[in-house]
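Trainee: Chain by chain, the residues run as shown.
Protein chains: 2
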Amino acid sequence: MVNETQQSCSASSSSRSDGGSSSGSESSKDNSRCSTPVLDADRHERLREKMRRRQEAGDKWFSLEFFPPRTANGAVNLISRFDRMGAGGPLFIDVTWHPAGDPGSDKETSSMIIANTAVNYCGLETILHMTCCNQTKDDITGHLQKAKRLGLKNIMALRGDPAGEEWEEEVDGFNHAVDLVKHIRSEFDDYFDICVAGYPKGHPEAESYEADLRHLKEKVFAGADFIITQLFFRPETFLKFVKDCQAIGITCPIIPGIFPIQGYHSLRQLVKLSKLEVPQEIKDVIEPIKDNDAAIRNYGVELAVSMCRELLDSGTVHGLHFYTLNREVATTEVLKRLGLWKEDPRRPLPWAVSAHPKRRVEDVRPIFWASRPKSYIYRTQEWDDFPNGRWGNSSSPAFGELKDYYLFYLKSKSPREELLKMWGEELTGEESVFEVFTCYITGEPNRNGHRVTCMPWNDDPLATETNLLKDQLEKVNRRGILTINSQPNINGKPSTDPIVGWGPSGGYVFQKAYLEFFASSEIVTALLKVLKKYELRVNYHIVNVKGQNITNAPDLQPNAVTWGIFPGREIIQPTVVDPVSFLYWKDEAFALWIEQWAKLYEEESPSRMIIQYIHDNYYLVNLVDNDFPLENCLWQVVDDTFELLN
Amino acid sequence: MVNETQQSCSASSSSRSDGGSSSGSESSKDNSRCSTPVLDADRHERLREKMRRRQEAGDKWFSLEFFPPRTANGAVNLISRFDRMGAGGPLFIDVTWHPAGDPGSDKETSSMIIANTAVNYCGLETILHMTCCNQTKDDITGHLQKAKRLGLKNIMALRGDPAGEEWEEEVDGFNHAVDLVKHIRSEFDDYFDICVAGYPKGHPEAESYEADLRHLKEKVFAGADFIITQLFFRPETFLKFVKDCQAIGITCPIIPGIFPIQGYHSLRQLVKLSKLEVPQEIKDVIEPIKDNDAAIRNYGVELAVSMCRELLDSGTVHGLHFYTLNREVATTEVLKRLGLWKEDPRRPLPWAVSAHPKRRVEDVRPIFWASRPKSYIYRTQEWDDFPNGRWGNSSSPAFGELKDYYLFYLKSKSPREELLKMWGEELTGEESVFEVFTCYITGEPNRNGHRVTCMPWNDDPLATETNLLKDQLEKVNRRGILTINSQPNINGKPSTDPIVGWGPSGGYVFQKAYLEFFASSEIVTALLKVLKKYELRVNYHIVNVKGQNITNAPDLQPNAVTWGIFPGREIIQPTVVDPVSFLYWKDEAFALWIEQWAKLYEEESPSRMIIQYIHDNYYLVNLVDNDFPLENCLWQVVDDTFELLN
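Chains as they are written, first to last, in the working numbering: chain A, 273 to 918; chain B, 273 to 918.
Chain A extracted, bound-state conformation (with noise of 0.2 Å):
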């Protein structure tokens, strides 16, 4: 129901590109209605139209490749490396598929399990590369089954490399890639785009230049919906290759694979699997300076830079190919040179989309998980139902446990020894922890000289909306007010504004201010009778770690806490203070003291009976002033609270 009204909205808009359109009232009055505001059209499209309508539009893109990693601590950090290049903004990436790494298991290091991440977890369009060789076709069905449960809606299809030296075709099996292409589109219909690979320079195996060509149209023609190409060394070896396939009737979207060279080893080593030769000009500068990896890079900058512009300069390119070896630094100075690289400040949403297709009307979430939308992408996974953005009509929104702490990406990206050092190697008392508290906040280094830049709750630095809040944080902290969450109240910040902006230029933004802690019972009794003079403006929730709960919330209704107006639109009201989620992040919450802190300490050591006892006597508070216009009144409530306790 959804999908078919969403894809006659965006079909919609594309009769408006000339900013007005006539229309008869019949064919109008046929027109459905969306069930949510469509922020950013982008989400709702495939792959394939995307690159249309930026073609159409002129605009340039690139995308990414990275192959899966070969341990689990290398899969964290390759989830950061996405989260990090994810943000120049790259249309899509894609994941390598590699037959020798069990590529289509759940292990944390697996094709499928990486794609899974950048698509669910980090919001990327993704490209699951898969090869059919030596593999029946109940494999590659499986294969693709789970990709699309997962909500993977890209496959790259190739042949993959034979078992042997030489290659023996398998009768009744996948010889070619030609036949996955035409096994998805027979078992998966248009659900998957799929993308095929093209040589330049031909493919090494192949009889001729042309008797590839010849192939790659099959491909193509079997139902390929775009080709990525190998990687070349000229300009002149691609725009030749471009001419060659339309001249054969190859009319779908040609897309240059781009190596930066960036150390002479890798070069040897991918030019000797890729049975390409390396052009005497580029030997000629590359083999005086071998040893310096630094001059090679700035070598392998430049080439590609040049290359990329004159491609782009062509007519011919509309988007980019990068081949980054799962580094960053190369293709990022790559794109930054070449203005592709767009750190846009504004968010789609104030939190990270999910790129799932059935995510994609997502538009509120509970403010709570701020700090950890994977998170709550985890926990809700299960939902199927997002109507109106937002769960549906089940009577009991079903969290799933968070059992699993250390699914790798959830884990925080420090090693213990790390942890331990910004956070204590030894506890002396509650006042310990107010100073690692406070220390996250202020940036300043504790008393052994280690910054704090994570917490059990935020596995980053502090957000740079945060810091407009710093020093009344830094004060509240070292009393005993923990903080794990707060937003300032915003009264109409346009939503092109670097630090609180967000969703489509034009609009405005508001948030009320709102304030997270955990604090001593003693706290909470005088913060209670504060609260008293503040009821008709301050809405609260204190919540043990037994559940018990108290709160002036009227009703058990949501308290929308950031909203959106923009033009020509209905509201969007992002997060919100749900009292009914609020006790299971309670549950995360308060786990969190105990997996990752107290953990870090020997069993029944001082150290990690300070945290047992603070997880077992301190509440959670949440705190929101309803009056945005006004000042923020939350810090008046924790002075008067201190003042009461004095």
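The set of hints was computed from the structure by calculation and includes no laboratory data.
Any given hint could turn out to be false.
Any copy will do: because identical chains look the same in the list, a pair fits if it lies in one copy or spans two.
[As the list claims (entries may be wrong)] Within a straight-line C-alpha distance of at most 27 Å, the following computed DSS-like cross-link-like pairs (lysine-lysine) qualify:
(1) K765 - K805
(2) K332 - K515
(3) K454 - K489
(4) K804 - K765
Starting from the known structure of chain A, fit chain B onto it as the hints suggest.
Mentor: Relative to chain A, chain B alone:
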């Protein structure tokens, strides 16, 4: 589904009357989530719950009794009276059952249709009387089914008067009100709230006062929810009656029926019908002044006020039921003097809310029908579904045809002769139409000395809010921008603002500036040129009677133009400019030229042809200024348009 959710919400609301509730997390996890913000708890309660809540809060209330009119014109007048007296805040009204007037029929004067109109079009909680004698079981079940279908939720179960002089029991028939109460409970379970009549002096036909009390107890034990009494003349009569009821175990609410004496003859007639005796002390006052209507009414008001005060002061009485005899003055006066008339400038929503149970979750409407809410309700009466407060997943929102412009509740209050005086006995050209629009805006008399107090698109004088725009509106109407709907921009006024406020207190309301008008194609051509300059700021829809439609609305999405932010709530956006429903409104807006205006004149008369020309050639335009925090730019747009035309 919606019902269940809502019930669970209101159930949970009762547990927080102390402003803070405490519960374990397990029970909270079971709580369901409201899919729609509950703005006004009242809207979701049944009548007996409202009574209980008001009694618990010590909040005195009143209700009003009306009888169905004899003529169609009487029906139009009664409906206006409902609207005016509804403004004073009655807890409910009730409509008597006139067996002689075909009470269950679809005639505009039937009890059923008057009650239907009160509920659905005036938004009043309504009790429909129903008598049972001389009717078959099937007739009665049919009436009850119809009442349920129309959204009526409360029945006053009565016996009714015998057909002949003497009362004869019917075997297997309904002989007493208690039979009707039992029948309703057995056939409709708990759907209806049931009221029964109590006789403070005993029913005139009862064997004795005591026997009558026993009959009353039977009716209550058969399932009645509360009692309204026959009129009486002395407070002690009522207070004794209540005590006697309680003594035999009647515990439900007993509401005194108050009859403010309004004239000598009406009093005599009522006394005759009800077989009551007027106390001597009242006769002594009335007889000498029996020809002085004003004096009798003044005395009646005095008497009623003093009796009501005594009743309220007794502590036994929480609500007063008024026999209005379909008149306004005396009852309104009594209520105002008692301080019970509560004309709250704040509206629950910016538009007239319907009291039909299925519409209780409705919280958004297209702005086009702002001045014709009854028409909107009529045209959407078949919608079953208001999920999240709006029309649902229907691919095409099915608006009913508006062919019958003579439905009494949609009819102009003014007769033809008055309309001709206002809108011109004879039109001389388009300019004379411009003049009518201008006079409606300014409130100045037209060239023949008549004030224009209504227009085909708006049966009432200019709204207070629109008055804010009066000067600009006058200027543009003079020049042929014929405005039919507009609102100023509002950037966060308190929800208690007497002019633009709505919803619960403590909130903030917002609006985007809106302007809707008819204009010639010459003006529209210039306007479209001007609008290019405002492309990013102003959304427009321009359509003619044939449905030629020009718009820059993105993706056919609705544009929120009124919204409110409230403590502890999700955001409410009660009015939108919706591109789809605009085309349905267009049909109605153009048809009103012909149906209400052109048809005042002879066929082929010049006046009629002028209106017909406008109908055939003008465009209907709506403009929204999305930049609500800035000064409204729509006047500049119009000025620029006129400048271009010069």
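Trainee: Check the structure against each numbered hint from earlier and tell me which ones fail, lowest number first.
Mentor: Hint check: nothing fails, all pass.
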